[in-house]
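What follows is each chain in one-letter form.
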Amino acid sequence: MSFLNPLADESLDERLARQGVSRREFMEYCSALCVVLGVGKKFAPTMAKALQTPQRPPVIWLQLQECTGCVESVLRTAEPTVGDLVLDVISLDYSHALMAGAGHAVEKALHDSMTANAGKYVLLVTGSVPLAENGVYTVIGGRTAKDILEEAGKGAAAVIAVGACAHFGSVQAARPNPTGAVGVADIIKDKPVVNIAGCPPIGDVVTATVVHFLTFGRLPDVDPVGRPLFAYGARIHDQCPRRANFDAGQFVEKFDDEAARKGWCLYHVGCKGPATFSPCPIFQWNTRTSWPIGAGHPCIGCTEPHFWDTMTPFYGRLPDVGGFGIEERVDVLGAALAIGATAGVVAHAAATGVHQMREKNRQLPVVDGPSQGGTPNK
Amino acid sequence: MTKATPQAGRPAAGQQGFHLGADIAAPSGNYRWVKLWGWPIRLMHWLAVGTMVALVVTGLYIGKPYFMAGGDTRDHFLMGWMRFIHFAAAAIFATTAIWRIYWLFAGNRFERLPALFPIRPRDWVNMVKQVKFYAMIEPEKAPHYLGHNPLQQLSYTGVYFLAMVMIVSGFALYGQSDPSGFFYKAFNWVGIVMGGMPVVRFVHHVLTWAFLIFIPMHIYLAVRADVLERGGVISSIFTGGRFVPAKHHFVDGEDLNE
Numbered sequence: 001m002s003f004l005n006p007l008a009d010e011s012l013d014e015r016l017a018r019q020g021v022s023r024r025e026f027m028e029y030c031s032a033l034c035v036v037l038g039v040g041k042k043f044a045p046t047m048a049k050a051l052q053t054p055q056r057p058p059v060i061w062l063q064l065q066e067c068t069g070c071v072e073s074v075l076r077t078a079e080p081t082v083g084d085l086v087l088d089v090i091s092l093d094y095s096h097a098l099m100a101g102a103g104h105a106v107e108k109a110l111h112d113s114m115t116a117n118a119g120k121y122v123l124l125v126t127g128s129v130p131l132a133e134n135g136v137y138t139v140i141g142g143r144t145a146k147d148i149l150e151e152a153g154k155g156a157a158a159v160i161a162v163g164a165c166a167h168f169g170s171v172q173a174a175r176p177n178p179t180g181a182v183g184v185a186d187i188i189k190d191k192p193v194v195n196i197a198g199c200p201p202i203g204d205v206v207t208a209t210v211v212h213f214l215t216f217g218r219l220p221d222v223d224p225v226g227r228p229l230f231a232y233g234a235r236i237h238d239q240c241p242r243r244a245n246f247d248a249g250q251f252v253e254k255f256d257d258e259a260a261r262k263g264w265c266l267y268h269v270g271c272k273g274p275a276t277f278s279p280c281p282i283f284q285w286n287t288r289t290s291w292p293i294g295a296g297h298p299c300i301g302c303t304e305p306h307f308w309d310t311m312t313p314f315y316g317r318l319p320d321v322g323g324f325g326i327e328e329r330v331d332v333l334g335a336a337l338a339i340g341a342t343a344g345v346v347a348h349a350a351a352t353g354v355h356q357m358r359e360k361n362r363q364l365p366v367v368d369g370p371s372q373g374g375t376p377n378k
Numbered sequence: 001m002t003k004a005t006p007q008a009g010r011p012a013a014g015q016q017g018f019h020l021g022a023d024i025a026a027p028s029g030n031y032r033w034v035k036l037w038g039w040p041i042r043l044m045h046w047l048a049v050g051t052m053v054a055l056v057v058t059g060l061y062i063g064k065p066y067f068m069a070g071g072d073t074r075d076h077f078l079m080g081w082m083r084f085i086h087f088a089a090a091a092i093f094a095t096t097a098i099w100r101i102y103w104l105f106a107g108n109r110f111e112r113l114p115a116l117f118p119i120r121p122r123d124w125v126n127m128v129k130q131v132k133f134y135a136m137i138e139p140e141k142a143p144h145y146l147g148h149n150p151l152q153q154l155s156y157t158g159v160y161f162l163a164m165v166m167i168v169s170g171f172a173l174y175g176q177s178d179p180s181g182f183f184y185k186a187f188n189w190v191g192i193v194m195g196g197m198p199v200v201r202f203v204h205h206v207l208t209w210a211f212l213i214f215i216p217m218h219i220y221l222a223v224r225a226d227v228l229e230r231g232g233v234i235s236s237i238f239t240g241g242r243f244v245p246a247k248h249h250f251v252d253g254e255d256l257n258e
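Listed in order, the protein sequences are those of chains A and B.
In this text, residue positions in the first sequence follow the numbering used here: the first is 1, and each later residue adds one.
In this text, residue positions in the second sequence follow the numbering used here: the first is 1, and each later residue adds one.
The hints are simulated quantities; they were obtained by calculation from the structure and are not laboratory data.
Mixed in with the good hints there might be a few duds.
[Unchecked claim] Derived CB-CB ranges, DEER-like:
#1 B:Gly195 <-> A:Ala116: 41 to 47 Å
#2 A:Asp190 <-> B:Asn108: 55 to 61 Å
#3 B:Gly195 <-> A:Pro241: 56 to 62 Å
#4 A:Thr68 <-> B:Tyr66: 39 to 45 Å
#5 B:Val193 <-> A:Pro241: 29 to 35 Å
#6 A:Ala349 <-> B:Asp178: 45 to 51 Å
For every residue, glycine included, the Cβ atom is placed at its ideal position computed from N, Cα and C.
All chains, full assembly: derive it from the sequences and hints.
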């Protein structure tokens, strides 16, 4: 059963042919995806076979406490790519934003799919899970997000958390986190969860991760915070087209200055590229049209855990300290203390001199004749 | 000069009232030269001085690029050189730290690990006296030390601690450029412990100022001690020893006069 694709019964070959994609283009896509995944082109035939196999695992896409931006990012492209077509034919059995049905019928469809494919389906999750007040902040069909996720997680063959919300809770988990929002990995603990980090993440990374699972039967290798290494293995800073300006010492100081027009480095205006692991400079968005730094905006570090708290202020180099607003003033404060220490040192030296003179003056009258023998200059 | 007549030949003025410093240095017969610092400590000190200056200058630039290169990008490598110097100096600085750690166990009793922690009750009493000395309240009651007095030592131990935090946070930041490399794997825990790499960056940035606050005080107090005591204490970081009045009792000099 698939609400998304009335044409899901047609094979991938038929679908590609109908869309005017040749076999050669499909194989090129597989090769490219193998390179993206870092597994080498020799796996392209394996991948092509896996994608063409009729028994593709169904995908269930849960949308919990979120803004639908991740779904938009995955699906919104100016023109359909081969990757989109591949994703299209995945048997997407449940997705709030995409399915045509509604109400009890789709909830039944979800349960039917989970029962029929227990232990086989891929679970994609966007959105965080609010735990405060017993989870009342997200209730779908009378059930809390936690309930829904726990049930869906039980039978999942693989769990892919898409977006910053599913990763760590994103903006709703920022201090003070009123809804007690947590990520998917905080709820599903008995199986590995891959985090496709980003707010939103790049659609190609989601596609590549799903295809990796279809091809190899397992999720890709991840870094310490659960992000696939093939995509999140390098910093934006180290892949950035403006890196030459950084190394040369050429920085934008204001968004309307000459340097901004020349496209110099955004480090000075708070770019978090040096602390952010993401493939943005390479993959980009909207069919590789652009990306934040390419459009002249500093990276806000949205693929890093808790970036709303740790990466703010977005237009400053250093993190905020407890709402004290010290981040930009820390150098002023530090310099003031250092100058103060120097001034204190000078004052102390002066006081020492005064003390010396006073001691000397006080004892001059009591210096008698014989004791002057040693100091003829007096 | 014999020990029997330690006062002979001293200028009488030295016996009158109290001077923070002697008017005239007493004859050397009443002074003895004590060896305090081995050559490794002295070398480490001066390597730290040189690398710290380089680290602070380049580090402040990296934290906030205070001047820029105009013109064609390919003609410049300003930030590149700043970072290179910073990393190279950091490598030397970290090496001296490793060396210092070894010397905590191999050094003499002034250099060894226990000397870094003057926390016995007697030390606390003397620390109060030392504070009074610097405040010029009853300065004559300040205890004499051959090596560092407790207040001084705690500040140096604090600087060692600061240096360790700087080294660890610095390597954590450095490791970011290569997640498959040694430094990323060895220091990735730092970000987790501190609560994210931005916090590591912040700590690394702020502590720079702690060094900049320490340095003027350190230089001043060394100069002051040299001026007042006339024992060549500044010379001790070059020669390894200094002159001390033989008549003084030294808290840490039990085995000096046998």
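Tell me, which hint numbers fail for this structure? When the structure is compared with the hints, only number 3 turns out to be violated.
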